[in-house]
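Take the sequences, apply the hints, and build the full model.
Protein chains in written order, with the working numbering: chain A, 1 to 591; chain B, 1001 to 1591.
Be aware that a few hints might be false.
[Said to hold, decoys possible] Keeping only pairs whose Cα atoms sit at most 27 Å apart, straight-line, the calculated DSSO-like set for lysine-lysine is: (1) A:Lys251 / A:Lys188; (2) B:Lys1486 / B:Lys1473; (3) A:Lys188 / A:Lys223; (4) A:Lys505 / A:Lys456; (5) A:Lys378 / A:Lys223; (6) B:Lys1329 / A:Lys223; (7) A:Lys505 / B:Lys1329; (8) A:Lys466 / A:Lys375; (9) B:Lys1281 / B:Lys1145; (10) B:Lys1466 / B:Lys1375; (11) B:Lys1505 / A:Lys329; (12) B:Lys1456 / B:Lys1375; (13) A:Lys281 / A:Lys223; (14) A:Lys329 / B:Lys1223; (15) A:Lys490 / B:Lys1490.
Hint data in this document are derived by calculation from the structure and do not stem from the laboratory. If you're wondering where the values come from, they're calculated on a predicted model, not measured in any experiment.
The primary structure of each chain is shown beneath.
Protein chains: 2
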Amino acid sequence: MPSYTAPTKDLQYVLHDVLNVSASDIPGYDELEPDFTSAIFEEAGKISSEVLAPLNIVGDTEGCRLENGVVRVPTGFQDAFNQMREGGWPGLDMPEDFGGQNMPYVVGTAVGEMFSAANQAFTMYQGLTHGAASAILAHGTDAQKATFLPNMVSCQWTGTMNLTEPHCGTDLGLMRTKAEPQGDGSYKLTGQKIFISSGEHEMAENIIHLVLAKIPGGPEGIKGVSLFIVPKFLVNADGSLGERNGVSCGKLEEKMGIHGNSTCVMNYDGAEGYLLGEEHKGMRAMFTMMNEARLGVGMQGLSQAEAAYQNALIYAKDRLQGRDVTGAKNPDGPADPLIVHPDVRRMLMDQKSFVEGARAFILWGATLIDQAHRKSDKDADGLVSLMTPVIKGFLTDEGYDMTVQAQQVYGGHGYIEEWGMSQFTRDARIAMIYEGANGVQALDLVGRKLAQDGGKHVMAFFNLVKEFCSENKDVEGMEPFVEPLKTASKHLQAAGMYFMQQGMKNPNHALAGSTDFMHLFGHVCLGLMWARMARASIEALENGTSDAAFHETKLATGRYYMARRLPATAMHLARIESGADPVMALDAEAF
Amino acid sequence: MPSYTAPTKDLQYVLHDVLNVSASDIPGYDELEPDFTSAIFEEAGKISSEVLAPLNIVGDTEGCRLENGVVRVPTGFQDAFNQMREGGWPGLDMPEDFGGQNMPYVVGTAVGEMFSAANQAFTMYQGLTHGAASAILAHGTDAQKATFLPNMVSCQWTGTMNLTEPHCGTDLGLMRTKAEPQGDGSYKLTGQKIFISSGEHEMAENIIHLVLAKIPGGPEGIKGVSLFIVPKFLVNADGSLGERNGVSCGKLEEKMGIHGNSTCVMNYDGAEGYLLGEEHKGMRAMFTMMNEARLGVGMQGLSQAEAAYQNALIYAKDRLQGRDVTGAKNPDGPADPLIVHPDVRRMLMDQKSFVEGARAFILWGATLIDQAHRKSDKDADGLVSLMTPVIKGFLTDEGYDMTVQAQQVYGGHGYIEEWGMSQFTRDARIAMIYEGANGVQALDLVGRKLAQDGGKHVMAFFNLVKEFCSENKDVEGMEPFVEPLKTASKHLQAAGMYFMQQGMKNPNHALAGSTDFMHLFGHVCLGLMWARMARASIEALENGTSDAAFHETKLATGRYYMARRLPATAMHLARIESGADPVMALDAEAF
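Encoded structure:
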């Protein structure tokens, strides 16, 4: 069975050595001293390794079962969910007013990585609750907040998001679910939603569905979509649970992975619902959830890659097969461990350099969110909004590839379910699809985010890279970082320029290169993170750190990323600059 | 449920327009007139689409079951297997002396693509039989051939290959299975083999296991390995079946995919076996099987990509979602089909250009095998031997990626098992692992094949590309093919040069770039195939073909490959030229 060890040391390194959080003037960050975050991470790491990780393969093997309308979760899930609630983990970064601990988002993100790495399917129950609670927090009335948030923050009640219908996913304007006003402020919802994660289960007393639907007579298409709160059990005025509402799970989907999470077809048969936010402004309210969810999904890409990598590394050190061509490393044994072989090393270094770079990227993104929310910093908000599709799309594409590579390290055993490597791959696969398929992320990036606020945020990003490079160009040891980063950043700028010039003539010149652009952008971001980590480690070494080996390893891992992964940017640029013609040459009928 | 349509037209195009097989002087090729191969392909296509494809998802869902030592195959498999036998398909390219039809290997390969695309797990039962029969044909005594081949050629009996043991896969020198001589020419085999595809099942009267084992007292390691024929039922002198032999299935593995094929732990408890080939030369004999099997596995990469692509294309034309940004294409409908979107196009074009290029590559390889076998042409043998790891490693890595992309076209439905797209991905995953994991293919390519016969074969490959480019550089319409091919080929040569120069100093400089080299080589091969197809289609158009649309589509698809996929070669070269240092910088303990 695979194991999971929480990367608490590396999380500490990113927060304190690289991002220097406790020196930040973001409200709440002054508390984030190393000892304080270390205590939280150790605790979260413990529950991740000891409680959640052992249930991962159980969830995969047993899956969920629908019995007379009730969804049974895998053995052990209920106990673990109770432990999560008792530990107060679901409310870690939620407001104290509703029972949370009001920690910065960056702390919730670091902890979330561990939970998700240990057991993605399980962690989704509370992850979706967090997203739904955030939407109510942002758009709910005081009464709605008082009614729903305390129980959602504690995960006594869980939450869901209901967007997709059988005939519409990305194109939500085609939606058919109706919400008819009842004259008393409430609505009756009728329709069917599919792919509803955690849609029904037995672990919580109540489930609060956030549902997109159309109010009859409203505007056509996406402009006529509103968001509703639809509880599984109606809530009485005194807060106690009332009648069962007209919402039920019609079917559980059989999926490639995340078997431990219940993916439901939800039927709304005149279910009572309450408008969340304004009429016909449902997409705006939903995007509060979606943006948070997209960062969370990007984190799943990282977390599955991390869990898979940890096990591939153990196997590569343990499994004896073949000899080091430069001389036996285990001369007394029958063979050398796999890790001596350069091609196995390549796979491990790909994974290691991705995981550590992605961790820094996501945590940096989380500090920007804190800066946006806690300091109302619009520039930070714009920058993280620009990078959100990159975090979601690039990290899940790459994270998936890394799980495939980790599986490959195991050879034949990687294909056998009991070794657990297949599950990391199968679970990681969904992250490329849900919360907006990665092609939609690329479209969001190129079609919307690049030009947002007159292109101000992407310019800010370029300046940030430029300033970093000019500040560090003469620092000893930084050359293997600064030069490749400059080159990669130039490729990104050239791609942006190509889109501006050619996209005016034909938007397809931009759209045909959107996925390549997202990946190009992702590599520049990870290159920047590695350069920042290199700088931090060089400083630590100069300051006579007691842990020189750790920092030397960081530098070597970073040099690998710059030398071996960053050359991808030139390829992406070449593809982008080939324009729309090769892509769009054929009529649909010619395929 | 996914469907499968046999690509008979495209197979005909490659054989006749591109490879011009019936004009070849390879013995047996004169028969391969278009009408003749068309009749075969139509028949094979029919059984693929109508019999094998509908059983694909059945095999995945039901899997195999071990009941009291007997393996039950999925519903419908036995009937389909009988139909395959009745049609004479298993012996298509086997000698007439043993009941085969003696067709060229290229015909068997074309037909094999269809069977494998329709149902990989099912087709493995006969594919492994073919491989085992080929080994007996090449290394068996006349008596062994007479005893085993007629029933194996007809698939009355099936075959297996037994290499892996729990503690050894790639490093077969660690093998523990023993074969003790009985003094009567037979041996008693004792040991355990794992990952034995088709190891036990109820569809054949007998199963002929080819088993690697060590004769006690022989040389240490890989030099002391011999190959044995171990039948499930002993065969009496009159050819009838005798006693059950001491070999049994101890366990069926639960795998990520190919559920319809029985992957067995095989226990040998003093089983009677007969030496195949010479004592201690088992690896040589086994490689007859392995090389054929590696081409077959490369074909699985192509075939799963083809099957997945066909369904992604249907979905992309059918599913209405969003609008073409350049103007509605389906203005009377609620939305446009997915295929209007450039990023969806990109995915479809990646798949289409891979599949058609890979098909040409494999069929070209098959003609080289025919040339080697039927004309005893050592140069052809050397060239296909050089390309075998590329066919296996590159086509299965890329083929897998294409199934992932096809799944992505489906959005959320791609993750739901009933739509069948997950199965293509899960089934395709094994091809990167078995018959030598792709890292081992890369090692074989760089560590052995490049330098074989003094580097003669790789020089022959470069000359072939060079000659093609100089012959075609002034042909109208060939510029978008010749220029990128030249550049890519230069990258490949530069990489080879780097290996020669740096590998002398430290072999790790070559090995650390082996997988990148395999991919670089693969892109050059597919680039060459596209250039050859372009030339063939330009000629067809000049000659006033009645099917101009088909040839225009070929040219557009080829231009896509050259513009969008071939730029990967520069990235692979950059990675290779960064050498071993970034890869090997860390001590194993530092990870």
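Checking one constraint from the list: CA of Lys1329 of chain B to CA of Lys223 of chain A, max 27 Å. Satisfied? Roughly 22 Å between the alpha carbons, so the hint for Lys1329 of chain B and Lys223 of chain A holds.
Regarding the pair Lys378 of chain A and Lys223 of chain A, is the alpha-carbon distance no greater than 27 Å? holds (26 Å)
Does Lys251 of chain A pair with Lys188 of chain A here, judged by a C-alpha cut-off of 27 Å? holds (22 Å)
Starting from Lys1505 of chain B, check that the Cα of Lys329 of chain A is at most 27 Å away, please. Holds: Lys1505 of chain B and Lys329 of chain A sit about 19 Å apart, inside 27 Å.
Would the hint linking Lys1281 of chain B and Lys1145 of chain B be met if the CA-CA limit is 27 Å? holds (19 Å)
With the threshold set at 27 Å, check whether the alpha-carbon distance from Lys188 of chain A to Lys223 of chain A stays at or below it. Holds, at about 20 Å.
Starting from Lys490 of chain A, check that the Cα of Lys1490 of chain B is at most 27 Å away, please. holds (25 Å)
Does the structure keep Lys281 of chain A and Lys223 of chain A at a Cα separation of 27 Å or less? holds (7 Å)
What's the verdict on Lys466 of chain A and Lys375 of chain A, does the C-alpha distance respect the 27 Å limit or exceed it? Roughly 25 Å between the alpha carbons, so the hint for Lys466 of chain A and Lys375 of chain A holds.
Given the hinted pair Lys505 of chain A and Lys1329 of chain B, is their alpha-carbon gap at most 27 Å? Holds, at roughly 19 Å.
Lys505 of chain A and Lys456 of chain A were given as a pair; does the straight-line alpha-carbon distance stay at or below 27 Å? holds (22 Å)
Proposed proximity, Lys1473 of chain B with Lys1486 of chain B (alpha carbon, max 27 Å): holds (10 Å)
Violated hints: none; the structure is consistent with every hint.
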